[in-house]
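> Make the full structure from the sequences, and use the hints.
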Amino acid sequence: MVYENPDGIRIGLEIHVQLNKLKTKMFCGCSSDYHNSAPNTHTCPVCLGLPGALPVLNRKAVEAAIKVGLALEGEIAEETQFHRKNYFYPDLPKGFQVTQYDYPIVSKGKVVIEGEDGEHVVGITRAHMEEDPGKLVHIGSIEKSKGVLIDYNRSGMPLIETVTEPDMRSPKEARRFLDKFRNILEYLDVFDGNLEGAMRVDANVSVYWGTRVEIKNISSHKGVERALLYEIMRQKNVIRRGGKITQETRHFDEGRGVTLSMRTKEEAEDYRYFREPDLMPMRVSDWVPGIRETLPELPDAKRSRFIEQYGITDMHARSLTSKIMLADFYEGVCAKGADPKTAATWTADVFLGELNYRDLAISSYDGETIGFIHAKDPQVENSFKVSDMVELVKLFSEGKVSDRAAVEVIRSILDGTEEKTPLQIIEEKGLFKAEDDLVTKAVSETIAENAAAVQDYLGGAEKSLNFLVGQVMKKTKGTADAKTARELIIKELKG
Amino acid sequence: MITKEDVEHIGWLARIEISEQETVEYMEKLNSVLEYFGQLDELETEDVPPTYHVAEVFNVFREDVVEESLPQETVLANTENKQDGAFRSPKIG
Ligand SMILES: [Zn+2]
Numbered sequence: 001m002v003y004e005n006p007d008g009i010r011i012g013l014e015i016h017v018q019l020n021k022l023k024t025k026m027f028c029g030c031s032s033d034y035h036n037s038a039p040n041t042h043t044c045p046v047c048l049g050l051p052g053a054l055p056v057l058n059r060k061a062v063e064a065a066i067k068v069g070l071a072l073e074g075e076i077a078e079e080t081q082f083h084r085k086n087y088f089y090p091d092l093p094k095g096f097q098v099t100q101y102d103y104p105i106v107s108k109g110k111v112v113i114e115g116e117d118g119e120h121v122v123g124i125t126r127a128h129m130e131e132d133p134g135k136l137v138h139i140g141s142i143e144k145s146k147g148v149l150i151d152y153n154r155s156g157m158p159l160i161e162t163v164t165e166p167d168m169r170s171p172k173e174a175r176r177f178l179d180k181f182r183n184i185l186e187y188l189d190v191f192d193g194n195l196e197g198a199m200r201v202d203a204n205v206s207v208y209w210g211t212r213v214e215i216k217n218i219s220s221h222k223g224v225e226r227a228l229l230y231e232i233m234r235q236k237n238v239i240r241r242g243g244k245i246t247q248e249t250r251h252f253d254e255g256r257g258v259t260l261s262m263r264t265k266e267e268a269e270d271y272r273y274f275r276e277p278d279l280m281p282m283r284v285s286d287w288v289p290g291i292r293e294t295l296p297e298l299p300d301a302k303r304s305r306f307i308e309q310y311g312i313t314d315m316h317a318r319s320l321t322s323k324i325m326l327a328d329f330y331e332g333v334c335a336k337g338a339d340p341k342t343a344a345t346w347t348a349d350v351f352l353g354e355l356n357y358r359d360l361a362i363s364s365y366d367g368e369t370i371g372f373i374h375a376k377d378p379q380v381e382n383s384f385k386v387s388d389m390v391e392l393v394k395l396f397s398e399g400k401v402s403d404r405a406a407v408e409v410i411r412s413i414l415d416g417t418e419e420k421t422p423l424q425i426i427e428e429k430g431l432f433k434a435e436d437d438l439v440t441k442a443v444s445e446t447i448a449e450n451a452a453a454v455q456d457y458l459g460g461a462e463k464s465l466n467f468l469v470g471q472v473m474k475k476t477k478g479t480a481d482a483k484t485a486r487e488l489i490i491k492e493l494k495g
Numbered sequence: 001m002i003t004k005e006d007v008e009h010i011g012w013l014a015r016i017e018i019s020e021q022e023t024v025e026y027m028e029k030l031n032s033v034l035e036y037f038g039q040l041d042e043l044e045t046e047d048v049p050p051t052y053h054v055a056e057v058f059n060v061f062r063e064d065v066v067e068e069s070l071p072q073e074t075v076l077a078n079t080e081n082k083q084d085g086a087f088r089s090p091k092i093g
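Chains as they are written, first to last, in the numbering used here: chain A, 1 to 495; chain B, 1 to 93.
It should be emphasised that the hints constitute simulated quantities derived from the structure, not laboratory data.
Incorrect hints may have been included.
[Said to hold, decoys possible] Lysine-lysine pairs mimicking BS3-like chemistry, simulated, CA-CA at most 30 Å apart:
1) B/Lys-82 with A/Lys-135
2) A/Lys-376 with A/Lys-394
3) A/Lys-94 with A/Lys-110
4) A/Lys-483 with A/Lys-394
5) B/Lys-91 with A/Lys-376
6) B/Lys-82 with A/Lys-146
7) A/Lys-146 with B/Lys-91
[To be verified] Every beta carbon over 10 Å from chain B, so not counted as near; a handful from chain A, in silico:
8) Asn-58
9) Val-62
10) Asp-314
11) Ser-364
12) Lys-491
Just so you know, even glycine gets a beta-carbon here, dropped at the ideal spot from N, CA and C.
If you want it as structure tokens, here you go:
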């Protein structure tokens with residue numbers, strides 16, 4: 001099956017990613033650990049743009065950029081250098097941003113995603129290094145702003161901007177690309193996506209192979225998908241009414257879920273790029289072989305290995321490798337003797353599902369405990385132990401708990417405030433699977449007590465069977481296996 | 001050749017207000033500078049790579065080691081436009 005792309009949709013992305021795993025900023029020794037600090041406490045003459053201050057490039061930032069380039073299967077430039085991009089905005093203390101222009105460190109890469117019709121290649125045009133501007137907070141609402149407050153703690157943070165070809169054919173593909181891209185960066189250990197402002201995306205989109213419109217500064221993957229869905233609908237409506245799409249920049253209003261035209265400037269942008277004379281050019285291509293050797297196993301390779309080594313399905317392998325910490329957690333569970341296939345089901349389907357349901361994002365793994373934070377409120381933390389999963393998989397495999405009870409255990413641990421093992425929870429809540437004779441007894445009682453429902457069922461009302469099963473579950477306090485109860489009732493009534 | 005419009009554009013980019021009279025004056029001065037540099041066009045530079053640094057220096061790096069930042073009071077010492085530890089700027093755009 002080949003995806004025809006009936007509406008001629010082309011989507012390209014520009015992704016700004018903070019290399020927030022580095023200890024210091026791009027050009028000065030200020031700490032990058034500023035997220036919970038008072039404004040302007042992580043600044044110095046360099047990142048405040050004071051006259052006479054001189055930038056010196058962080059070696060680790062260059063190494064990280066090369067790592068990213070190699071993981072994107074790109075080419076690393078023989079010689080690369082920085083430029084000044086000149087414009088006035090209060091978040092930019094120097095009046096220019098140090099970035100790369102015609103000599104980016106990475107060019108011509110690619111990322112394979114799960115597309116509309118199977119594997120789909122998204123081309124990477126380039127990836128370059130640049131510095132982050134400071135942060136602006138409007139006094140009052142944006143519309144009625146009386147002024148802005150400027151915090152330069154973020155100023156000078158190392159960024160990598162990655163530009164893709166317009167190869168994505170639906171908002172879903174754009175989201176899949178971003179998920180995969182983020183995943184790769186986390187595998188490389190250069191990026192923590194849970195920190196505020198860690199990834200910002202500009203998207204450009206056109207319909208019917210026409211004029212492209214850019215949507216600026218979207219802060220979440222879900223936001224990108226929603227912004228694109230809205231923008232595609234808007235462009236199609238304009239064309240249906242006989243209008244024309246004009247090339248413009250719009251911004252996405254997350255709250256209302258719409259894109260809005262940004263006021264066009266009276267003068268065209270004119271950045272007057274020129275070479276940054278305070279920074280020397282780089283010849284770092286001889287670092288490449290050494291860095292290539294340090295590259296970790298990347299998501300696609302890990303996925304293939306999981307399928308082979310653990311005998312699990314492609315879907316489970318894909319899901320388990322979608323986060324490096326989850327993959328490591330799963331391997332930890334298998335290493336401690338849990339059956340890999342059962343562990344895959346409980347980790348990928350149930351555990352991950354319960355995390356998503358609670359909006360919990362995986363944020364740490366130390367070889368024994370996997371930690372999460374609430375996606376919207378990082379203060380809310382929780383964790384789950386490898387040993388807990390091992391114990392639960394074992395109890396389930398041995399038939400000591402029903403699948404319903406096992407789900408209950410996972411939920412209890414995720415919602416609980418005290419540390420308890422699965423066995424403790426099962427004992428406390430009486431979740432051990434009922435012995436078969438207990439279930440049989442409950443079935444007999446249920447049939448005796450619910451003559452009307454029995455008649456309805458024998459008369460052809462399938463719904464009544466569900467009711468009867470429910471009664472058995474109630475009598476056994478949920479410890480019966482629902483499937484067994486169902487079979488027993490049918491056997492009892494229909495022989 | 002630099003035109004009056006070019007001078008106005010450059011002034012706008014630099015956020016400098018330039019009077020009508022200054023515009024003409026700067027246009028003449030800038031053109032004379034360009035004319036002077038124009039002498040270089042007489043040289044054959046087809047196969048000469050551009051020189052951006054007179055020193056042939058490459059790869060100047062620092063290690064990823066944290067150094068002390070400035071205290072907030074020092075950072076804000078030279079401005080009257082401050083609020084809650086931040087610089088305060090007028091509304092933009
Ligand atoms: Zn600094």
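> If a hint holds in the structure, say so; if it doesn't, say that too.
Hint by hint, here is what the structure shows:
1. As the CA atoms of B/Lys-82 and A/Lys-135 are separated by approximately 15 Å, the hinted pair is consistent with the 30 Å bound.
2. Between A/Lys-376 and A/Lys-394 the CA atoms are separated by roughly 34 Å; this puts the pair beyond 30 Å, and the hint is violated.
3. Restraint check for A/Lys-94 and A/Lys-110: not satisfied, since their Cα atoms lie roughly 34 Å apart, outside the 30 Å limit.
4. Proximity of A/Lys-483 to A/Lys-394 is assessed by CA-CA distance (about 20 Å); at most 30 Å being required, the pair is judged to hold.
5. Only pairs whose Cα atoms come within 30 Å are accepted, and B/Lys-91 paired with A/Lys-376 is accepted, the gap being roughly 29 Å.
6. Taken as a hint, the B/Lys-82 and A/Lys-146 pair is honoured in the structure, with Cα atoms around 14 Å apart against an allowance of 30 Å.
7. With a C-alpha separation of about 6 Å, the suggested pair A/Lys-146 and B/Lys-91 falls inside the 30 Å cut-off, and the hint holds.
8. Interface exclusion of A/Asn-58 from chain B breaks down, the closest Cβ pair being 5 Å apart, not more than 10 Å.
9. Look at A/Val-62: its CB is around 7 Å from the nearest CB on chain B, not clear of 10 Å, so calling it non-interface is violated.
10. The beta carbon of A/Asp-314 sits about 39 Å from the closest Cβ of chain B, which is more than 10 Å, so the claim that it is off the interface holds.
11. The Cβ of A/Ser-364 lies farther than 10 Å from every Cβ of chain B, with a closest approach of about 21 Å, so its non-interface assignment holds.
12. With a cut of 10 Å on Cβ distances, A/Lys-491 stays outside the contact zone with chain B, its closest approach being about 69 Å.
Comparing the model with each earlier hint shows violations of hints 2, 3, 8, 9; every other hint is respected.
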